[in-house]
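**Q** Listed here are the chains, written in short residue letters.
Protein chains: 4
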Amino acid sequence: MTNRVKRSRSFASDNNAGVHPKIMEAIAAANDGHVIAYGDDPYTARALKLFRLGKDVEVFFVFGGTGANVLGLKAATASHHAIICAQTAHINVDECGAPEKFTGCKLLPITTADGKIKAEQIKPLLHEVGFEHHVQPRVISVSQATEMGTVYTPRELQTLAKFAHERNMLLHVDGARIANAAAGLNVKLKETTRDAGVDILSFGGAKNGMMYGEAVVFFDKTLAKDFKYTRKQGTHLPSKMRFISAQFEALLANDLWRQNAQHANQMAQRLAIELGKIPQITFTQKVEANGVFAIVPKKYVPLLQKSYFFYVWNEEISEVRFMTSFDTTEADIADFVGLVKKIVK
Amino acid sequence: MTNRVKRSRSFASDNNAGVHPKIMEAIAAANDGHVIAYGDDPYTARALKLFRLGKDVEVFFVFGGTGANVLGLKAATASHHAIICAQTAHINVDECGAPEKFTGCKLLPITTADGKIKAEQIKPLLHEVGFEHHVQPRVISVSQATEMGTVYTPRELQTLAKFAHERNMLLHVDGARIANAAAGLNVKLKETTRDAGVDILSFGGAKNGMMYGEAVVFFDKTLAKDFKYTRKQGTHLPSKMRFISAQFEALLANDLWRQNAQHANQMAQRLAIELGKIPQITFTQKVEANGVFAIVPKKYVPLLQKSYFFYVWNEEISEVRFMTSFDTTEADIADFVGLVKKIVK
Amino acid sequence: MTNRVKRSRSFASDNNAGVHPKIMEAIAAANDGHVIAYGDDPYTARALKLFRLGKDVEVFFVFGGTGANVLGLKAATASHHAIICAQTAHINVDECGAPEKFTGCKLLPITTADGKIKAEQIKPLLHEVGFEHHVQPRVISVSQATEMGTVYTPRELQTLAKFAHERNMLLHVDGARIANAAAGLNVKLKETTRDAGVDILSFGGAKNGMMYGEAVVFFDKTLAKDFKYTRKQGTHLPSKMRFISAQFEALLANDLWRQNAQHANQMAQRLAIELGKIPQITFTQKVEANGVFAIVPKKYVPLLQKSYFFYVWNEEISEVRFMTSFDTTEADIADFVGLVKKIVK
Amino acid sequence: MTNRVKRSRSFASDNNAGVHPKIMEAIAAANDGHVIAYGDDPYTARALKLFRLGKDVEVFFVFGGTGANVLGLKAATASHHAIICAQTAHINVDECGAPEKFTGCKLLPITTADGKIKAEQIKPLLHEVGFEHHVQPRVISVSQATEMGTVYTPRELQTLAKFAHERNMLLHVDGARIANAAAGLNVKLKETTRDAGVDILSFGGAKNGMMYGEAVVFFDKTLAKDFKYTRKQGTHLPSKMRFISAQFEALLANDLWRQNAQHANQMAQRLAIELGKIPQITFTQKVEANGVFAIVPKKYVPLLQKSYFFYVWNEEISEVRFMTSFDTTEADIADFVGLVKKIVK
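Protein chains in written order, with the numbering used here: chain A, 97 to 441; chain B, 97 to 441; chain C, 97 to 441; chain D, 97 to 441.
Extracted from the complex, chain A is given alone in its bound form (with noise of 0.2 Å):
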């Protein structure tokens, strides 16, 4: 990576940015004396207490997102058991084998033009249902946001959701964008996730303003009946917990995840709206969350990435992705598209 980052805030990535301010005071506040380790300790039962996301959900908090996946997922399968996912899925492209590592799974990829599966694609996958020489489908699992900076709306879950249930699956949700996507639809979190008929979800933090630190909720608590064990073989209980702990609270109190979120959404629909200005650019996907997927002619790939790092996603189509985060200013963006501007001319 040769790329000179100029400016203080790129498009990169939203984990490029980093711990909003007040999750920082959080931190500092909860560096207070020694309390009990692995979560026996008061921030750790206040920030569960937070995730009102309904009746007898089960919350686990580890210490990051492939992490949450992997062992959400291994709580939902036997080893013999298929994953059914998007093709640029996280936990089928950017998880280097994790999940097939940890779970013993197969991941049966489904291809899709906007990062979001539907149930006539799940179908043909259900063929062998009840045969022994192939793995047994199990677990539907999305991203919300997905990869592509698109959003499934709560009646699209729903019907994934009715999809599993009736034939004995479960939904999973990667939710390392969950807040985003929340934020988008403007719903509550509930409404995305246990009333639409989510299984289980990954609840991410870093990608919102927390420096590190994931939770993994069960709508069922059947499937978290062994989890605290799984966890802990799966190396991510964290000893300080409780500074993961103070961190969820800050995040969950006050809608600062919505505020948060919100605000990276905002600043992503103003960048799309700014370079739609300019015809050389086109989209190739909508914008819902907080990322824009943009065709930027080759040529000026190189000059922008002089001044603003970001990743080129299709380098035979030239489609690039700018992620926006929570503190993301208007003025970047201003800045950017000013650049643009002037390269292209």
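Please keep in mind that the hints were generated in silico from the structure rather than gathered at the bench. Honestly, I wouldn't trust all of these hints.
Just so you know, same-sequence chains aren't split out, so a pair can sit in one copy or run between any two.
Computed list of lysine to aspartate or glutamate pairs in DMTMM-like fashion (alpha-carbon distance at most 25 Å, straight line) [to be verified]: (1) Lys-402 - Asp-136; (2) Lys-394 - Glu-224; (3) Lys-118 - Asp-128; (4) Lys-284 - Glu-154.
Note that the structure is predicted; figures quoted are calculated from it, not measured.
Given the coordinates of chain A, assemble chains B, C and D onto it according to the supplied hints.
**A** The following block gives chains B, C and D in isolation, referenced to the frame of chain A:
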């Protein structure tokens, strides 16, 4: 856990402590703008350089200690290998089977009096080398300091390393308390690791004043060849890596690691000396790091635990463990010892 | 499965056939007194010598084909690797996820028209080589003959092998029907394996007249270094090994393997020629080994299955699969074709 | 292994013997035309019916004994569980770590004098039940007969089963020599399995006159629910299943299993009686099945091994193991004992 922890600091565990102020400052200072995620940032570059443990050393940061152990062992083994360790080793009893799950290896535990294994004890485990029906010993894993508060001398480590290397085996060190060991021995980190023939080290941060983060240190580059994949697949590649790196930078610069460890060790010494004046209390282990193992008559234990949380290590003989940490004060010890004296009267 | 199989031989699968008489004789002859278990016996020594596939070849017998594939792949991979194969590959669809479970690897399937993958199709899967977020392609696995009844020419294999080796990858062959392939190509076994650049081969016995037993053949000794442990840990070290060895001895001596395969192939050719005279029947694949893939109008299928058991391959287009075996007779074909003619009238 | 085996039958192992003639006949008789592969055949249907071990029993055939053990244990466990067994258990020392690799579980071995574990010895292993840092004991696995030639009485098994069931654990039996145990106890198979509270049994064939093939027997149907997938993914679904089934049919019909086992046991008794007359030889275990464990002065061992192959069990004390089998003759014993007498003179 119904114990009331009345005091702000207990002797339960060094990971019940919080974060050292200088480390907290370093975290706050790192929260400045955007940097590339996953370790391609200047904080990480600087922190890695501070691991001055010899030429050709490769260092990787991970979230936590169980992850560090499991992934370091994975780098050294194939699934038909065996890992030799003390019966009391953290990898054997406190990681919920994570080493077996992730490496596929069998652990071959050795019973010890003081948590330290000797080469002589390993020999009988090597009878079946070369026979396909049996797992093949590949790694000797020791804890430094041990879970019993004892410390291997550099010479003891050298003997084990030589024994291992002569038999195509490797020496792995679970260094959750490597700082306490080096401080206790009054040697440089290098003397108790690289110079002692160690091949792979889990370098612990959390028990020595960090918030989270451990390092897997390879003293043989070939063992590290694929470790970046092992770490990612092992769910231990932190996205906002800079916040671990900044902590390590603070810990390793100006020998903060040694000051913290030395202080904790001294507090353990003082605690042992003071408790040693109470005839009802006897000791089961030498105090060589920051742990004190003592037999406290059963009837006193719950009374003490009303004010100070600590663990009973061996219920049969009423052996308890007191751990000190970087923030233990002389006043804490005076208060606690005073309480013991009051109770045993 | 409620189909009545009226005829003593069906076209369902080559593993529905029994054991060739000469192999049965060899088994009986091996039942003579005691020999050392697990392969340290003269039958095994002789059988291994008959695998004259080149210098430095290492051969290991196992119980069955899925075991052979999975363990051969394990020998070539670490868990962060990926295995590239055709979508239709047995390892991808017919082994209930055994490769993922045992190796931890991800399979990267390629859609093909005829079960054969081409180097060009592999290139897009190599975009992420060197990036830790992504599994690293390490093995190209092909089936020879393919599950679609087609066969790679030696030149096609050479091209794949060269492509693989230039990229630090290996070529694995699932040779459940390697005999049919070599017979169909009219080449020596060596020409379609060693000389074609194959690194690891599952050499199938059961589909060519053996009762049970497969061989994992390594053309690179270094890959076989730890395989005796992998086989034992993989639960595939037969105690009474001599009875597998005696079968391989009978199969490989005097080219029984080729006679059996050639006969099965000829029967497939004859079946295709005869069915080709019936205008209602069309073919979806070339007949290059012992399988015939044909579209049979849906209404005829159940009528035919009353007398002959065979599998519907693709329900949507009413594609069926007919497999011939070493014991298929011209009379079987005449009888079956007569039945088809009667029914379609 | 350079030992010369001069005699046609040795005392090395019951799996050095060949196949019982009646079983060989049954194999030959099953070689008749085509049947559906993978167990959907009349031979398998008949063989399964012969496992008359009680209501609701589920039986699955696999290739071999290590596979039977590993897959049976997999059906009973999640990866955070522990399996308690004797230190000498085949699953602990003779399967190259296959249980750990395939189940992910830790094995907790218990030191015994005679290969038999007692409930009292298990209690200390249960101290950490419910704590997430520690593996959770789930299965007690015993070998019947044990690897030391001893046998659990039905009452001893009942005690272990009761102990297990009261603690939400299961009793698994490695019955590689279950026939020898039942014959030695002079009880029905059912009495030493179902009636004794066993939950899962590996029913051994190869050590009792079969060529290959073992059965995994579930006495609780719910444990077997997904086992067909576990078997296939575990690479132990034989394609030409009928040849295993025909062997089991021959073994179980007319109590051939008992005749074979009884004969082997009687030969062991006779061997022990005759060797017992030689003062230089002493015994380390009771002879309750088909194994004789004796101390033979070191200098005699190589002299004996020139003519008869057998294993030294414990080199330190010059303990050797003699195994008898279904085909051991009185003449073999007379010849061997004569040799011993000659040598010790």
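**Q** Treating 25 Å as the Cα threshold, decide for Lys-118 and Asp-128: within, between, both or neither.
**A** both (17 Å within a copy, 14 Å between copies)
**Q** At most 25 Å between CA atoms: does that hold for Lys-284 and Glu-154 within a copy, between copies, both, or neither?
**A** within (18 Å within a copy, 46 Å between copies)
**Q** Can you tell me if Lys-402 and Asp-136 fall within 25 Å by alpha carbon in one copy, between copies, both or neither?
**A** Between copies only: 17 Å across chains, 48 Å inside a chain, cut-off 25 Å.
**Q** Regarding Lys-394 and Glu-224, is the shortest C-alpha distance of 25 Å or less found within a copy, between copies, in both, or in neither?
**A** between (44 Å within a copy, 20 Å between copies)
In terms of the numbered hints stated before, the structure departs from none.
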